[in-house]
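Working from the sequences, and respecting the hints, build out all of it.
Residues per chain are reported as follows:
Number of protein chains: 2
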Amino acid sequence: MEKDAVVLVSGGLDSATTLALARRDGFAVHALTFDYGQRHAIEIERARAIARDLGAATHLVLAIDLRSIGGSALVSDAPVPRDRDDPTAGGIPPTYVPARNTIFLAVALAKAEAIGCRDIFIGVNALDYSGYPDCRPPFLRAFEDLAALATRAGVEDGARFRIRAPLLHLTKAEIIRLARDLGVDLAKTHSCYDPDDRGRACGRCDSCRLRTKGFREARIPDPTIYVP
Amino acid sequence: MEKDAVVLVSGGLDSATTLALARRDGFAVHALTFDYGQRHAIEIERARAIARDLGAATHLVLAIDLRSIGGSALVSDAPVPRDRDDPTAGGIPPTYVPARNTIFLAVALAKAEAIGCRDIFIGVNALDYSGYPDCRPPFLRAFEDLAALATRAGVEDGARFRIRAPLLHLTKAEIIRLARDLGVDLAKTHSCYDPDDRGRACGRCDSCRLRTKGFREARIPDPTIYVP
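Chains as they are written, first to last, in this note's numbering: chain A, 154 to 381; chain B, 154 to 381.
If you are wondering where the hints come from, they were derived from the structure by calculation, not from laboratory data.
If a hint is listed, it holds; no wrong ones were tucked in.
Chain A is faced by these chain B residues, among others (derived, beta-carbon under 7 Å):
hint: 1; residue: LEU213
hint: 2; residue: ILE222
hint: 3; residue: GLY224
hint: 4; residue: GLY244
hint: 5; residue: TYR249
hint: 6; residue: ALA263
hint: 7; residue: LYS264
hint: 8; residue: GLU266
hint: 9; residue: PHE292
hint: 10; residue: ASP298
hint: 11; residue: LEU302
hint: 12; residue: ALA303
hint: 13; residue: ARG305
hint: 14; residue: VAL308
Where is the CB? At the ideal position from N, CA and C, for every residue including glycine.
Right, dumping it as structure tokens:
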């Protein structure tokens with residue numbers, strides 16, 4: 154019998170690859186996606202298609218309006234940085250969403266405890282990334298420590314929830330090759346922070362630039378549709 | 154100038170008292186309430202009245218559907234325990250909501266970072282309580298450790314977010330006396346897990362029993378309207 158796991162799925166390249174890895178490793182996947190008021194809400198539809206394609210057992214799309222909290226260019230109409238060669242130059246960029254992964258992992262933990270599983274997958278990456286604090290190993294370890302104290306399962310049964318981040322130390326090119334090898338339909342993944350109203354990628358935000366660089370280095374044709 | 158603080162306000166006795174304490178200590182209060190699918194949704198209206206009465210600077214009521222996650226009698230139609238003398242006998246009761254305070258504190262952290270404050274108040278109590286793991290001091294400390302790693306403020310500025318739980322070691326009777334002394338309108342606070350459709354308290358759930366015992370021990374008349 155397959156072990157259950159909760160997998161955070163944004164609709165992006167990294168979380169799609171993470172879902173595919175969880176399936177390869179024999180997990181029954183309970184996909185969890187957030188409709189949080191992100192300006193690139195098209196990724197939610199991509200997340201649905203990806204979860205279906207890759208054989209998720211269940212998929213919950215949960216609404217939580219982080220726009221009402223603010224503090225980020227991703228949940229407001231503030232401009233996102235463009236045409237930067239180094240997304241981490243100048244510190245954590247304005248696309249950082251306050252405590253986003255803390256909120257997402259907290260809900261994933263609730264889901265994991267409710268269905269009685271101990272494994273939570275998240276597609277964070279600390280190499281070709283934007284320097285977000287909540288993508289780093291010390292954050293993930295601190296969350297595991299918290300989870301043991303926060304839950305009935307942790308306190309009564311001594312359960313240790315595992316935050317699995319299998320992409321943590323891969324380059325974007327390595328992730329893209331892995332995704333291809335695992336059968337992820339790369340054309341369905343969405344990375345752009347600032348797509349046009351037809352869902353076409355801008356090609357210029359940090360996320361697009363990390364993605365295009367990754368495809369180039371992986372020597373795989375980039376199927377993304379960019380704004381002309 | 155007043156320092157800002159985020160205060161979690163459920164509409165219950167403990168969080169109302171916590172809000173009053175934050176005001177007394179000179180904080181400008183940003184109240185945060187969750188509409189999470191709780192069966193006792195009347196507490197949300199009480200939270201609005203309490204935040205207004207006690208002079209909160211802002212009040213955000215955020216919807217997040219924990220009913221879609223389940224795992225608790227408070228977000229389902231499963232029965233809540235009644236007529237128990239000791240709410241912690243038999244371990245953590247079925248009214249425990251998986252990872253609820255982790256989720257609530259994560260959103261409070263996002264709000265605190267977005268408005269640039271460092272203080273988060275929560276009305277948890279580890280004395281006259283139901284044994285929930287996420288009401289205990291080690292959980293609160295672990296959350297502070299996480300917050301320092303999870304946020305831009307923590308990583309770039311070395312900020313330390315403080316989870317303030319001023320009721321942690323008070324009895325329910327002490328909380329009730331404190332609430333009265335701080336001018337909390339006790340009649341507006343709602344504790345019952347299982348009110349009738351007119352919002353009247355059942356008098357028999359763990360939360361009602363802790364409350365009535367507290368009023369009795371405090372020798373203060375209980376203004377709660379109970380089901381006859």
